[in-house]
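Asks: The primary structure of each chain is shown beneath.
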Amino acid sequence: MKRCLSERTLWLAHEGAARERDLAHLEGCLDCTARYRELDEDLSEITRALRDHASPIRRGGRRNRRRWIAAAAIVAGIGLLAGGEAILWRESKALVDPQPETTAEALSLLEEVTLLLSSPGVSAASVLVADPATVIAEMTSQDSIEDDSIATGGGRL
Amino acid sequence: MKGQAAPRWQAHCEALYRQHATRLVRLGRLVLGDQQEAEEVAHEVFIKLIGAYEGPVVPIDWAPWLTRVTINACRDRRRAGWWAWSRRRRAPEMLELVDRGVTPEQAAAGAELGEWIAASFQRLSARQREVFALRYIEGMSTHEVAGTLDLTEGSVKRHLFRAVKYLRGALEEIGSDRGHR
Chain C
812 MKRCLSERTL
822 WLAHEGAARE
832 RDLAHLEGCL
842 DCTARYRELD
852 EDLSEITRAL
862 RDHASPIRRG
872 GRRNRRRWIA
882 AAAIVAGIGL
892 LAGGEAILWR
902 ESKALVDPQP
912 ETTAEALSLL
922 EEVTLLLSSP
932 GVSAASVLVA
942 DPATVIAEMT
952 SQDSIEDDSI
962 ATGGGRL
Chain B
625 MKGQAAPRWQ
635 AHCEALYRQH
645 ATRLVRLGRL
655 VLGDQQEAEE
665 VAHEVFIKLI
675 GAYEGPVVPI
685 DWAPWLTRVT
695 INACRDRRRA
705 GWWAWSRRRR
715 APEMLELVDR
725 GVTPEQAAAG
735 AELGEWIAAS
745 FQRLSARQRE
755 VFALRYIEGM
765 STHEVAGTLD
775 LTEGSVKRHL
785 FRAVKYLRGA
795 LEEIGSDRGH
805 R
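Same order as they appear, the protein sequences are chains C and B.
Counting from 812, one number per residue, gives the positions in the first sequence under this note's numbering.
Counting from 625, one number per residue, gives the positions in the second sequence under this note's numbering.
Possibly wrong hints are sitting among the right ones.
Over 10 Å on every C-beta distance to chain C, these chain B residues come out as not near it, computed from the model [what the hints assert, rightly or not]:
no., residue
1, E668
2, I671
3, I674
4, E678
5, I684
6, W689
7, N696
8, R751
9, S779
Simulated restraints, written as ranges between beta carbons of each label pair [stated by the list, open to error]:
no., chain 1, residue 1, chain 2, residue 2, range
10, B, A704, C, R878, 16 to 22 Å
11, C, R862, B, I674, 24 to 30 Å
12, C, R848, B, A645, 32 to 38 Å
13, C, A845, B, G793, 14 to 20 Å
14, B, A704, C, G895, 35 to 41 Å
15, C, A881, B, G675, 33 to 39 Å
16, B, G675, C, E831, 47 to 53 Å
17, C, D863, B, K789, 19 to 25 Å
Quick caveat, the hints were computed from the structure, so don't treat them as lab data.
Predicted, not measured: the structure shown is a model, and the values here were computed from it.
Idealized CB from N, CA, C, for every residue including glycine.
With the hints as constraints, model all of the structure from the sequences given.
Replies: Structural data, given as structure tokens:
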């Protein structure tokens with residue numbers, strides 16, 4: 812009894828590259844003929860599947876979606892960074908470059924302090940130690956006295 | 625002269641594109657396992673085709689030329705470091721059927737035989753994929769495949785048989801599962 816054909820020989824027969832004696836065996840052996848038919852069917856099925864099947868995976872869409880998500884996340888991240896940076900920059904600008912009204916207030920305050928320090932009978936130490944309200948009250952009372960004296964003096968002259 | 629030559633040249637390129645683009649994209653997809661990459665390869669090939677028109681030797685038979693250039697372009701992509709990196713990164717996604725532990729039972733139950741075979745195909749070596757695609761999908765003879773890939777016929781047969789054996793094994797897995805049901 813002849814040995815049946817190996818898988819490789821069967822495949823070679825399918826490729827048309829088998830030897831004459833192998834082909835002769837194939838013709839006479841029901842078992843090998845059945846295996847050969849099975850090989851042929853398998854190859855047809857595999858080939859058809861690979862031809863028809865667009866891709867092993869319908870992954871283009873999913874991958875693109877992932878890319879979009881990644882891109883959106885990056886853009887959002889950049890946006891957040893830029894926004895945060897803008898807020899910080901605005902705050903730092905406000906500190907370094909104060910508003911005009913703030914400057915005017917500061918100037919008027921400085922003027923008041925200068926006046927206070929230059930007024931007679933008021934020493935810098937007393938101003939620093941004393942309660943600001945008291946000092947201002949004293950200043951205003953002195954001013955009114957001076958005003959009165961000027962007024963009265965003027966009257967006498 | 626040039627004004628007359630250009631439309632003829634364009635018409636021929638367009639005809640070749642219509643005739644071969646789908647085939648080349650499919651070939652690239654099988655070899656690379658990625659639709660998008662395959663489309664990019666096909667575009668690259670047709671750009672080379674325009675270059676070939678301007679070259680000193682214009683091929684007479686464009687079909688084998690296009691196939692060879694496609695295979696070479698696929699190889700270039702595979703060799704490129706960034707592509708390997710990108711593919712490694714995408715591999716679990718691309719081969720989700722296999723890598724995510726989808727069993728033959730699930731694949732068969734979901735009537736996803738095609739996906740199963742395609743995923744199994746992607747597990748073959750690059751050379752086996754090339755050889756199988758050219759022989760069985762493109763319908764080339766083993767002699768032509770050997771010529772296209774610069775291999776000996778014996779080598780082509782060896783790669784081809786291994787590929788067939790592996791894919792039949794994958795098919796059998798599903799078949800036996802169906803038998804159990």
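Asks: Compare the structure with each hint and give your call.
Replies: Hint by hint, here is what the structure shows:
Remark: the non-interface label on B:E668 is consistent with the geometry, its nearest Cβ contact in chain C lying 18 Å away (cut-off 10 Å). Its beta-carbon lying about 22 Å from the closest one in chain C, B:I671 satisfies the requirement of being farther than 10 Å from that chain. No beta-carbon of chain C is positioned within 10 Å of the beta-carbon of B:I674; the least distance is around 27 Å. Consistency note on B:E678: stated as away from chain C, and its beta-carbon is indeed over 10 Å from all of that chain's, at 33 Å minimum.
B:I684, annotated as away from the interface, keeps every beta carbon of chain C farther than 10 Å; the closest lies near 27 Å. Even its closest Cβ contact with chain C, about 22 Å, leaves B:W689 beyond 10 Å, as expected for a residue assigned away from the interface. With a minimum CB-CB distance of about 21 Å to chain C, B:N696 clears the 10 Å threshold, and the non-interface call stands. No Cβ of chain C comes within 10 Å of the Cβ of B:R751; the nearest lies about 16 Å off, and the non-interface call holds.
Under the 10 Å C-beta cut-off, the non-interface status given to B:S779 relative to chain C holds; the minimum distance is some 14 Å. Range check, B:A704 to C:R878: about 19 Å between beta-carbon atoms, so the 16 to 22 Å window is met. The supplied range of 24 to 30 Å is met by C:R862 and B:I674, whose beta-carbon atoms lie about 28 Å from each other. In this structure the hint that C:R848 and B:A645 lie 32 to 38 Å apart at CB holds, the actual value being about 36 Å.
The hinted window of 14 to 20 Å between C:A845 and B:G793 holds, with their beta carbons roughly 18 Å apart. A hinted range of 35 to 41 Å holds for the C-beta pair B:A704 and C:G895, which are about 38 Å apart. Evaluation of the 33 to 39 Å hint for C:A881 and B:G675 yields a pass: the beta carbon distance comes to about 35 Å. Distance hint for B:G675 and C:E831: a CB-CB separation of about 48 Å, consistent with the stated range 47 to 53 Å.
A C-beta distance of roughly 22 Å is found between C:D863 and B:K789, which places it inside the suggested range of 19 to 25 Å.
Every hint, counting from the list given before, is met by this structure.
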